[in-house]
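Taken in order, these protein sequences are the chains called A and B. Per the numbering used here: the first sequence = residues 2 to 246. Per the numbering used here: the second sequence = residues 13 to 332.
In case anyone wonders, no lab produced these hints; they're calculated from the structure. In this text the structure is predicted, and so the values were computed from the model without any measurement. A virtual CB, placed ideally from N, CA and C, is assigned to each residue, including glycine. Incorrect hints may appear among the rest.
Stated by the list, open to error - Per the computed footprint, the stretches of chain B lying under chain A, defined by three or more beta-carbons under 8 Å from a beta-carbon of chain A, are: (1) 31-42; (2) 258-264; (3) 281-290.
For reference, the chains in residue letters:
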Amino acid sequence: MKILVCVTSVPDTTTKITFTDNNTRFNKTGVQFITGPYDDYALARAVELKEKPGVTVTVLNVGTADSEPVIRKCLAIGADDAIRVDAEPTDAFFVAEQIAAIAKENNYDLILMGRESIDYNGGQVHGIVGELLGMPSISPVMQLDIDGSTAKLTREIEGGKQALEAQLPLILGCQEPIAEWKIPNMRGIMTARTKPLKVIPPAGNDTLTKVVGYELPPPRGSVKMIPAEEAETLIQLLRTEAKVI
Amino acid sequence: MSVLIFAELDEGKLKGSSKEAIYYGSKVAESLGTAATAIVIGQADDAELATAGRFGAAKVLHAADSKLTEANGMAYASVVAAAAEQEGSTVVVVAKSSLGDAMAARLAGKLRAGLAANVVDLPNLSNGFRVKRSIYTGKAFAETELTADKKILAIKKNTITPEEKEATASVEAFSPALNDSDFVLKVTNTEKATGDVLLPEADLVVSAGRGLKGPENWGIVEDLAKALGAATACSKPVSDLDWRPHHEHVGQTGIKISPNLYIAAGISGAIQHLAGVNSSKVIVVINKDPEAPFFKSADYGIVGDVFDILPRLTKAVNAL
Ligand SMILES: Cc1cc2nc3c(=O)[nH]c(=O)nc-3n(C[C@H](O)[C@H](O)[C@H](O)COP(=O)(O)OP(=O)(O)OC[C@H]3O[C@@H](n4cnc5c(N)ncnc54)[C@H](O)[C@@H]3O)c2cc1C
Ligand SMILES: Nc1ncnc2c1ncn2[C@@H]1O[C@H](COP(=O)(O)O)[C@@H](O)[C@H]1O
């Protein structure tokens, strides 16, 4: 079984977001980049599935050379090889076309992604790739088992969850608790250095959206503290001042 | 060439977020000099569907094929694509939701449409077609130009407040040909809380964290939620520990919500938690530690013990 895991390289979740060049560029100064947390769940499940013989895991990122530390970390966690499409991942459709082009050449049985990227939070790429490949896509997936060519999985729905069965090949957007996040060990880090990382140019350059500028939300006003003895007045304030109840 | 709105049903009723999407779509239609059409998939009666008119839809297309009763992002995308084709729609509006997201992504692939997710404002048409969308999990906004002919806008809750009017929409049956390839997933079991307010739809949310000490103490959270008519939510450790179901977990790796009121009890306010709730209109924090970081992001704060404060708040609400 061949598994493709698509990963993003995104600012660490504790990053204070700022912009430069008159609010037209994300300010990368001092920012630590990590694998998207949802992508990490996808990778962790893929590496677990590799415990069975004959399973290979390829990691794919559409991004600039800046993504390589994140890709190496995925190799250290247990992926066999990696592909980087050398391009700025500016638009979901563009990214989806890159992934679809590679998937067409390689016939993966399972394409695992995160539920959403944490920079643009689109939750779109899996569905678009599914459409481009004529393959089912399911998200967010919380549990996954493979039995021959059948996938048994659970996805979250609003207010609950749903168990599904489907035939491979499939595209899945993953979230917890599909697997525990994995941290690379020393051996993994050593072997990752020699695992193949292929860099390829993008196929085409179709983009359907373009960011023209960024903005930060206005700061919240200062907090109004209510003494614990008078906690009940909160309810009055919510009604008469904030007007939300 | 109307603006098409994908409106979702929950147990035969139009969802609140979809009413907002219809209103939003009707405003977009107004500025484009056209009308708004809603496409509704699943079982519902005509009287309910006609209420889409109150929110600005002139017409409702109703796809009621029994194969479509089960929510199915792939099949729904095919139906919406057929509706867009029939209506000549180049702009499709959906409310962010798990079904809406799945449908919108497949539709974007089918139509080669530019898709903007988490839109928080009406489009600006003065210079191309631009929308403001929330990015970095609520920490910033991106002004985004949709450059393709076809456009899909997935709007975040509380983007616009619908003003209802006295009007009914005409309801037309819509029965496009369905593709077998859209029905390959076999649902073997569905577990869904019924009767509760759905968290992503809720205007009011009462949320609690590890400060509650254990699942057996959730009664005081549920009591306040019930008194307010609110949904309940929780922090990640609480769902990791299985104190509460995963679909209640909000934050960076959970559900992102933007209710009118978010009450956080016994939650420290880690940046990953804030990411999921920072676009709430009003935030109330109750924590016994005056140094809890959450107070910095709150509108109202009470330094106190949740086991004392929550029951008193419930009483105060019930006395209103
Ligand atoms: C990549 C990543 C993603 C993450 N995603 C999420 C996410 O989506 N959602 C999320 O919530 N977290 C997320 N986290 C975890 C986050 O960093 C925090 O660990 C978590 O939010 C803490 O939960 P908590 O506030 O319930 O618990 P704690 O941090 O343990 O806080 C408990 C609070 O309760 C207070 N308290 C205790 N007893 C009482 C009492 N009797 N009365 C009043 N107050 C009391 C304490 O003062 C404390 O402030 C993520 C972390 C990472 C690294
Ligand atoms: N630049 C990228 N390279 C590889 N995979 C990506 C990229 N962008 C998004 N993905 C995958 O698509 C998922 C959903 O992303 P999004 O639609 O941007 O929220 C992510 O969790 C990744 O698995």
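Structure-based check of each hint:
no.	hint	result
1	31-42	violated (count 0)
2	258-264	holds (count 3)
3	281-290	holds (count 4)
Violated hints amount to a single one, hint 1; each of the other numbered hints is respected by the structure.
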